[in-house]
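Asker: Those protein sequence lines, which keep their order, are chains A and B.
Quick note on numbering: our numbering labels position 126 of the first sequence as 126, and the sequence is numbered without any gaps.
Quick note on numbering: our numbering labels position 72 of the second sequence as 72, and the sequence is numbered without any gaps.
If you're looking for bench data, these hints aren't it; they were derived computationally from the structure.
Since the structure is predicted, the reported quantities are computational estimates derived from the model, not experimental observations.
Do not take every clue at face value.
Under 8 angstroms between C-beta atoms, here's a sample of chain B residues computed to sit facing chain A [what the hints assert, rightly or not]:
hint, residue
1, Asn10
2, Lys49
3, His52
4, Ser59
5, Asn121
6, Phe129
Built from N, CA and C at the ideal position, the CB exists for glycine as well.
Number of protein chains: 2
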Amino acid sequence: MARYSPSVQNLIAKLGSLPGIGGKSAQRLAFHILSMPEKEASELADAIKEAHRLNKRCSSCRNFTDSDPCPICSDPKRDRSIICVVESPRDVSTFERMHEYRGLYHVLHGVFDPSRSKGMNDITLAELFERLSKSPEVREVIMATNPTAEGNATALYVSRLLTGSGIRVSRLASGLPMGGDIEYTDDLTLASALKGRVDISS
Amino acid sequence: MARYSPSVQNLIAKLGSLPGIGGKSAQRLAFHILSMPEKEASELADAIKEAHRLNKRCSSCRNFTDSDPCPICSDPKRDRSIICVVESPRDVSTFERMHEYRGLYHVLHGVFDPSRSKGMNDITLAELFERLSKSPEVREVIMATNPTAEGNATALYVSRLLTGSGIRVSRLASGLPMGGDIEYTDDLTLASALKGRVDISS
Chain A
1 MARYSPSVQN
11 LIAKLGSLPG
21 IGGKSAQRLA
31 FHILSMPEKE
41 ASELADAIKE
51 AHRLNKRCSS
61 CRNFTDSDPC
71 PICSDPKRDR
81 SIICVVESPR
91 DVSTFERMHE
101 YRGLYHVLHG
111 VFDPSRSKGM
121 NDITLAELFE
131 RLSKSPEVRE
141 VIMATNPTAE
151 GNATALYVSR
161 LLTGSGIRVS
171 RLASGLPMGG
181 DIEYTDDLTL
191 ASALKGRVDI
201 SS
Chain B
1 MARYSPSVQN
11 LIAKLGSLPG
21 IGGKSAQRLA
31 FHILSMPEKE
41 ASELADAIKE
51 AHRLNKRCSS
61 CRNFTDSDPC
71 PICSDPKRDR
81 SIICVVESPR
91 DVSTFERMHE
101 YRGLYHVLHG
111 VFDPSRSKGM
121 NDITLAELFE
131 RLSKSPEVRE
141 VIMATNPTAE
151 GNATALYVSR
161 LLTGSGIRVS
171 RLASGLPMGG
181 DIEYTDDLTL
191 ASALKGRVDI
201 SS
């Protein structure tokens, strides 16, 4: 690490703080960026700022979008009686890629996670319940959080709060390996899990 | 990839073009960046521009530096009779970490690589020879390119061009595994390879 200039050290630190990028990778990326033509480096920096500036959370589903409501929420062809609740925007993309789901989404941006002290207010659960209270057309909520302890707990929590509301709460069927990640599931497995989803309303 | 907004697609593409970052990682990073507070995302973008703006190639050794000549080239305590020629700025950092080398460096920013059509003009070989012609104090050039086919060929090429110049050309000793990478070598192995370097002057 010796003798890097402060601006390079700063860049390495910033890159190293991104998920999945360790110290060596951060150095490699930093020097790659320094080797780029000035125009390319500048475009990378601008892409970060632009994406951040243009993309806010959809006021309905909380997915990132550059138009509000987002293209999915404002699509008149989507089935408004069903909401699929996912952990991350990438999960929405995985579902859409499958072309088998025509309902709406709700992006939690996380799950309950006591070990990382992620609680109720760090995810968009309050927004989900507010949305449900204003949407009498909703008949079912699919809790498509990952099949982990935290994902299951979050699903169960929502199911309990919706007891007596008349809204069916379901969970993706088994087929997803426990401890796995929806993002890396192949389309067939995901489709079968969606089809076989089971009731968890109590 | 469906339904990402253009600015997010652009950010994913830009991140995915960086070395070692595939499609999935690029998506993960992009959404992590969108989730950051605006200030942090902005600081990351600025760190890229700042590092790029402030760091140019040293007019002597061609390493990235924010002062010209760089701290190593301008250090009066360094041994000016010996130049260690490396492929990348990270290799300089690896040598410096070892604390056993007190000479100067020359950063090639690559090696001959016909498969990626990297030739003479893509690396700083002309600059090395120009530097040597102006530095009669240089007694030895250590070719510390990686022990790969391309690194060996580059070392041999330099050695041939310096035949009869009175400059000793050496190569790091065996100890580095063939096909390996200097950057990931532990200090002891690197120190022993430096100590046992062998003459390749013809």
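Asker: Look at each hint and say if it fits the structure.
Answerer: Do the hints match the structure? See the list:
Of the supplied interface hints, the one on Asn10/B holds, with its beta-carbon coming within about 5 angstroms of a beta-carbon of chain A, less than 8 angstroms. With its C-beta approaching chain A no nearer than about 5 angstroms, Lys49/B sits inside the 8 angstroms limit, and its interface hint holds. Among the interface hints, the one on His52/B holds; its C-beta lies about 4 angstroms from the nearest C-beta in chain A, closer than the 8 angstroms criterion. With a least beta-carbon distance of about 15 angstroms to chain A, the hint placing Ser59/B at the interface is violated under the 8 angstroms criterion.
Annotation: Asn121/B was flagged as interfacial toward chain A, and the flag is violated, the nearest CB pair being 15 angstroms apart, outside 8 angstroms. Hint status for Phe129/B relative to chain A: violated, with the closest Cβ pair at about 22 angstroms, above 8 angstroms.
Hint violations for this structure: numbers 4, 5, 6, all remaining hints satisfied.
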